[in-house]
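These protein sequence lines are chains U and A, in that order.
Those letters in the first sequence? Residues 1 to 118, by this note's numbering.
Those letters in the second sequence? Residues 1 to 114, by this note's numbering.
One or more hints might be untrue.
Just some of the chain A residues that point at chain U, by a computed CB distance under 8 Å [said to hold, decoys possible]:
(1) Tyr-10
(2) Tyr-31
(3) Leu-41
(4) Gly-58
(5) Val-99
(6) Pro-107
Below, computed lysine-lysine pairings styled on DSSO-like, alpha-carbon distance capped at 27 Å [claimed, not checked]:
(7) Lys-57(A) <-> Lys-71(A)
(8) Lys-69(A) <-> Lys-3(U)
(9) Lys-57(A) <-> Lys-105(U)
(10) Lys-71(A) <-> Lys-16(U)
(11) Lys-16(U) <-> Lys-105(U)
(12) Lys-57(A) <-> Lys-110(U)
Because the hints were derived from the structure by calculation, they are not lab data.
We put the CB at the ideal spot given by N, CA and C, even for glycine.
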Amino acid sequence: AQKVTQAQTEISVVEKEDVTLDCVYETRDTTYYLFWYKQPPSGELVFLIRRNSFDEQNEISGRYSWNFQKSTSSFNFTITASQVVDSAVYFCALSEAGFSRGDDKIIFGKGTRLHILP
Amino acid sequence: EAQVTQNPRYLITVTGKKLTVTCSQNMNHEYMSWYRQDPGLGLRQIYYSMNVEVTDKGDVPEGYKVSRKEKRNFPLILESPSPNQTSLYFCASSSGAGVTYEQYFGPGTRLTVT
Numbered sequence: 001a002q003k004v005t006q007a008q009t010e011i012s013v014v015e016k017e018d019v020t021l022d023c024v025y026e027t028r029d030t031t032y033y034l035f036w037y038k039q040p041p042s043g044e045l046v047f048l049i050r051r052n053s054f055d056e057q058n059e060i061s062g063r064y065s066w067n068f069q070k071s072t073s074s075f076n077f078t079i080t081a082s083q084v085v086d087s088a089v090y091f092c093a094l095s096e097a098g099f100s101r102g103d104d105k106i107i108f109g110k111g112t113r114l115h116i117l118p
Numbered sequence: 001e002a003q004v005t006q007n008p009r010y011l012i013t014v015t016g017k018k019l020t021v022t023c024s025q026n027m028n029h030e031y032m033s034w035y036r037q038d039p040g041l042g043l044r045q046i047y048y049s050m051n052v053e054v055t056d057k058g059d060v061p062e063g064y065k066v067s068r069k070e071k072r073n074f075p076l077i078l079e080s081p082s083p084n085q086t087s088l089y090f091c092a093s094s095s096g097a098g099v100t101y102e103q104y105f106g107p108g109t110r111l112t113v114t
């Protein structure tokens, strides 16, 4: 069964500090997809990144970077030089590529609430 | 504008009174899904649909029904709502082959069942 653990319930950092949000997953499939979504205080859910299990390259997008390590089943998210606008709840999610067997579920972690203090 | 819309955005109802939350997307996406968000529990998938007339249960389907008669619409039906269904509900659609691609979420529907 698939599982996503975001052990950090809430994190507070001062603006301009770097912060890493942890995501650990469990799956028995060899083909799967990992995601990060952001939910700012306004409530909408915004897609950040998608990564498939065959691509372990780290990804950088501006101040955001993602570290995917299959050896530790982790897909961690780092914000460099954090800003107040980064304050949000961040969700990690896992989807096993089950559409070929007629199963297309996704599991979200419980989220990490990030506070960036001015 | 590409979007997922949900109605109503806010709803207060009483136990047992049937209700429907509508969801519509204008992106011609095949995959659509419903989630509920509860404090400390994150997002949990209720039902999903891989195409018209194809629906399946997520992790928390009890007490809910869905239908997919048209590609753009995916309503969530609560036949007999109970207080434990008080939650924030999100509809989403996916751009690719199922949920292995990014999802576009609606704005959410806050439901209170008294």
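Outcome of the hint check:
1. Tyr-10: 12 Å, violated
2. Tyr-31: With a closest approach of 7 Å, the Tyr-31(A) hint holds.
3. Leu-41: Interface hint status for Leu-41(A): holds (6 Å vs cutoff 8 Å).
4. Gly-58: Holds, about 6 Å.
5. Val-99: 5 Å, holds
6. Pro-107: 6 Å, holds
7. Lys-57(A) <-> Lys-71(A): 18 Å, holds
8. Lys-69(A) <-> Lys-3(U): Roughly 32 Å between the alpha carbons, so the hint for Lys-69(A) and Lys-3(U) is violated.
9. Lys-57(A) <-> Lys-105(U): 9 Å, holds
10. Lys-71(A) <-> Lys-16(U): Status violated; Cα separation ~45 Å.
11. Lys-16(U) <-> Lys-105(U): 37 Å, violated
12. Lys-57(A) <-> Lys-110(U): 20 Å, holds
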